[in-house]
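I would like the entire structure built from these sequences, with the hints used as guidance.
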Amino acid sequence: MHTVMPECDTRPNASSALLAGRNVDSVVKGAALGRIGNLEVRLARNEAEIAAAQEVRYRVFYDELGARKDLFQAQDRRDADRFDPLCDHLLVLDTTLSGPEHRRIVGTYRLLRQEIAATAGGFYSEGEFELTKLIARHPGQRFLELGRSCVLPQYRSKRTIEALWQGIWAYINHYEIGVMTGCASFHGTVPAAHAEALTYLAHHCRTNSAWDVRAVSDRYCSMDLMPIEAVNAKAAIAAMPPLVKGYLRVGARIGDGCVIDREFSTVDVFVVMPVKEIGARYVNYYGGEAQRFAA
15 MHTVMPECDT RPNASSALLA GRNVDSVVKG AALGRIGNLE VRLARNEAEI AAAQEVRYRV
75 FYDELGARKD LFQAQDRRDA DRFDPLCDHL LVLDTTLSGP EHRRIVGTYR LLRQEIAATA
135 GGFYSEGEFE LTKLIARHPG QRFLELGRSC VLPQYRSKRT IEALWQGIWA YINHYEIGVM
195 TGCASFHGTV PAAHAEALTY LAHHCRTNSA WDVRAVSDRY CSMDLMPIEA VNAKAAIAAM
255 PPLVKGYLRV GARIGDGCVI DREFSTVDVF VVMPVKEIGA RYVNYYGGEA QRFAA
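Sequential numbering from 15 applies to the sequence shown in the numbering used here.
Do not take every clue at face value.
In the DSSO-like style, the derived pairs of lysine-lysine whose C-alpha atoms are separated by at most 27 angstroms in a straight line are [as the list claims (entries may be wrong)]: (1) 147 <-> 290; (2) 259 <-> 290; (3) 259 <-> 172; (4) 172 <-> 290; (5) 83 <-> 172; (6) 259 <-> 248.
For the record, the hints were derived by calculation from the structure and aren't laboratory data. Source: prediction; values computed, not measured.
Following this line, the structure appears as structure tokens:
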């Protein structure tokens, strides 16, 4: 998910600390998780690749979308926080580009597993949404937080998104993930500007009681912003960011309330995707039949 909640931590450590203390899983750390044409998807293998992914994030979130940067971010030109050393960083690389591999990164996702998040006091998205009760209701499930999703403008195509999802699917199968969660964002800090889309989500895409998540009380904003009978479903869906529409297609549901993130100038909603509820066509497309992508 495009998780762009602001962090109030001091300057992140230099890249030499990024992999410190990590138990790097050799099974998924080295080999490609998938290929589509000239695009390869895999996890970051070293500090240079993580730093390069942070540079891609900076170019998208700060240069392109206008997020507020502090002095350290402006100097380093990297989007980095205290969660980066805890996460696996999924990368899409253009294999036709010249130079070292870390300079071929064109897209990235940040993956944070539940057992790792527990060592850091919780998931990144818990600054915006109440996850404790959700996790407690499903003790037998392993949660994975998706965040910091971004792709360079010239690579924003169906193929790149498919490559990322192929990698995510391989990852969740390897780690036996039961639930994917995270934030997805609407641009701007005025929920009313997205009234039709947010109202549609509130009425037609809400989580059920078993999977319900609510925005934290002091940041809660209602998503029910106009009479439901006035909502045009086609227009509402068309107005949603591509990432939100993509999650809904695979069976994701949306939590209660949205949050204004002024640091990144976004309105965030919470997305819940139990893996067992993902549609069979997508399981086959990215899972059992995915070897066709390598051709």
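Against the structure, the hints come out as follows:
1. A hinted pair counts as satisfied when its Cα atoms are at most 27 angstroms apart, and residue 147 with residue 290 qualifies at roughly 20 angstroms.
2. Restraint check for residue 259 and residue 290: satisfied, since their Cα atoms lie roughly 19 angstroms apart, inside the 27 angstroms limit.
3. Note on residue 259 and residue 172: the hinted pairing holds, with a Cα-Cα distance of about 13 angstroms set against a maximum of 27 angstroms.
4. At roughly 24 angstroms between alpha-carbon atoms, residue 172 and residue 290 fall within 27 angstroms of each other, so this suggested pair holds.
5. At roughly 30 angstroms between alpha-carbon atoms, residue 83 and residue 172 are farther apart than 27 angstroms, so this suggested pair is violated.
6. For the hint pairing residue 259 with residue 248, the CA-to-CA distance comes to about 12 angstroms; that is within 27 angstroms, so the pair holds.
Hint violations for this structure: number 5 only, all remaining hints satisfied.
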